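There are 2 protein chains.
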Amino acid sequence: MTVRDRLLAAAAELIAEKGWGAVSTRVLAERAGVGSGVVHYHFDSTQAVLVQASVGALREALSGLPALLESAADPESALDALLAALDEAGGQELFIETFLAATRNDELRAAVAGVLTEFRAALAVWLAERGVPTPAETAAVLAAAVDGVLLHRALDPELSRAVVVPVLARVLR
Amino acid sequence: MTVRDRLLAAAAELIAEKGWGAVSTRVLAERAGVGSGVVHYHFDSTQAVLVQASVGALREALSGLPALLESAADPESALDALLAALDEAGGQELFIETFLAATRNDELRAAVAGVLTEFRAALAVWLAERGVPTPAETAAVLAAAVDGVLLHRALDPELSRAVVVPVLARVLR
DNA sequence: GATCGTACTGGACGATCGTCCAAACCCGGC
DNA sequence: GCCGGGTTTGGACGATCGTCCAGTACGATC
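So the protein lines, in turn, are chains S and F.
Per numbering that gives the first Met the number 0, the first sequence starts with residue 0, numbered consecutively.
Per numbering that gives the first Met the number 0, the second sequence starts with residue 0, numbered consecutively.
It is worth saying that the hints were derived from the structure and are not from the lab.
A hint or two may mislead.
Any copy, or any two copies together, can satisfy a pair, since identical chains are not distinguished.
[As the list claims (entries may be wrong)] Straight line, CA to CA, 20 Å or less: simulated SDA-like cross-link-like pairs of lysine to any residue:
| # | residue 1 | residue 2 |
| --- | --- | --- |
| 1 | K17 | A72 |
| 2 | K17 | S159 |
| 3 | K17 | V131 |
| 4 | K17 | L64 |
| 5 | K17 | T45 |
| 6 | K17 | A47 |
| 7 | K17 | Q46 |
| 8 | K17 | G90 |
| 9 | K17 | P165 |
| 10 | K17 | E117 |
| 11 | K17 | N104 |
| 12 | K17 | D105 |
| 13 | K17 | E106 |
| 14 | K17 | L171 |
| 15 | K17 | V164 |
| 16 | K17 | A123 |
| 17 | K17 | A109 |
| 18 | K17 | A168 |
| 19 | K17 | A135 |
| 20 | K17 | L154 |
| 21 | K17 | G55 |
Please read these numbers as outputs of a predicted model, since none were measured by experiment.
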């Protein structure tokens, strides 16, 4: 892995661990195992590293989802697979932190909105094929609900997939 | 309003505006219109101000909710009123920031978990009275979904109550 | 082997951070 | 008028922040 990629990976870890506002140039370089000056050699600023790392993680986490939806037998197992995939992809807090940071950074906002729109569109098509009413609105609310579950689960581990999926599946009927 | 209360109000504003990690002693004092030293006269630390302010805002926002639920005619209008109440109470970002900070601060985590448990219990009773299946699980997922909607709405203003409520109401059937 | 360009290091710079504290302020009781 | 205690001020302290840059390391090219 190149130094540049190590910096991006370290940034994703640290955003989830410490919060967007607590990732500094030096802890970032230390986590990546490089000198502190190298951050500004590969990137314009520390903020730029955070933006690229979080958007990259978001894209990657959602890239496999269309295939994941198609391969699911029923809506419940699709929801379950969706939550499992987000679980695995670098900690729940990363995505929540990215969304919050996007409300305060126009460049990040545009990138996140783009990824989110794409995901909602794919989800809406899938919902429409299965006869769910108002697929576009349902997709938007479902995406929001999944993020909310990620946020609450960070506080309450009892909010497991087994609890969430049967309830959330009701919006698919 | 006392200086202490002005500091708490300023903290709630600034957490929502700039994010938990970007509220410093000096900007806090400036927003409250006082000297920078007064923060450590009334509070043990800057973090303590943020914790007290955010928990206070959370308690206040949820204190009126049992009455709000009882006065609602049907589940949809109850959901609508719930979202409207959270909208009004100091900006969507404050609660999300508080939840995220709670994952990294044990004292805050305990306080937030307490308020949340209380709210979910009241919501579960209300759901049970209306014959909703698995009321405790439904209440937990509904609370998470509402927070997720707050988060997504900060990015996408089109996610209005008119869009969200009909979809989310399906979990109540 | 000398040269060169890319990759990287570690320290310097001024700004800002949280915290602390001596001094000033305000105001009711003598 | 004076005094005493709660309240507030503004600056000092050392640590850390983001950014920048002179200097080093090293493989490719001649």
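Hints and how they fare:
no. : hint       : verdict
1   : K17 - A72  : neither (38 Å within a copy, 44 Å between copies)
2   : K17 - S159 : neither (24 Å within a copy, 31 Å between copies)
3   : K17 - V131 : neither (39 Å within a copy, 39 Å between copies)
4   : K17 - L64  : neither (28 Å within a copy, 32 Å between copies)
5   : K17 - T45  : both (15 Å within a copy, 17 Å between copies)
6   : K17 - A47  : both (17 Å within a copy, 18 Å between copies)
7   : K17 - Q46  : both (15 Å within a copy, 15 Å between copies)
8   : K17 - G90  : within (12 Å within a copy, 23 Å between copies)
9   : K17 - P165 : neither (32 Å within a copy, 37 Å between copies)
10  : K17 - E117 : neither (29 Å within a copy, 28 Å between copies)
11  : K17 - N104 : both (19 Å within a copy, 11 Å between copies)
12  : K17 - D105 : between (22 Å within a copy, 14 Å between copies)
13  : K17 - E106 : between (22 Å within a copy, 16 Å between copies)
14  : K17 - L171 : neither (36 Å within a copy, 37 Å between copies)
15  : K17 - V164 : neither (29 Å within a copy, 34 Å between copies)
16  : K17 - A123 : neither (34 Å within a copy, 33 Å between copies)
17  : K17 - A109 : between (24 Å within a copy, 19 Å between copies)
18  : K17 - A168 : neither (33 Å within a copy, 36 Å between copies)
19  : K17 - A135 : neither (35 Å within a copy, 32 Å between copies)
20  : K17 - L154 : within (15 Å within a copy, 22 Å between copies)
21  : K17 - G55  : within (19 Å within a copy, 23 Å between copies)
Violated hints, listed in ascending order, are 1, 2, 3, 4, 9, 10, 14, 15, 16, 18 and 19; each of the other numbered hints is respected by the structure.
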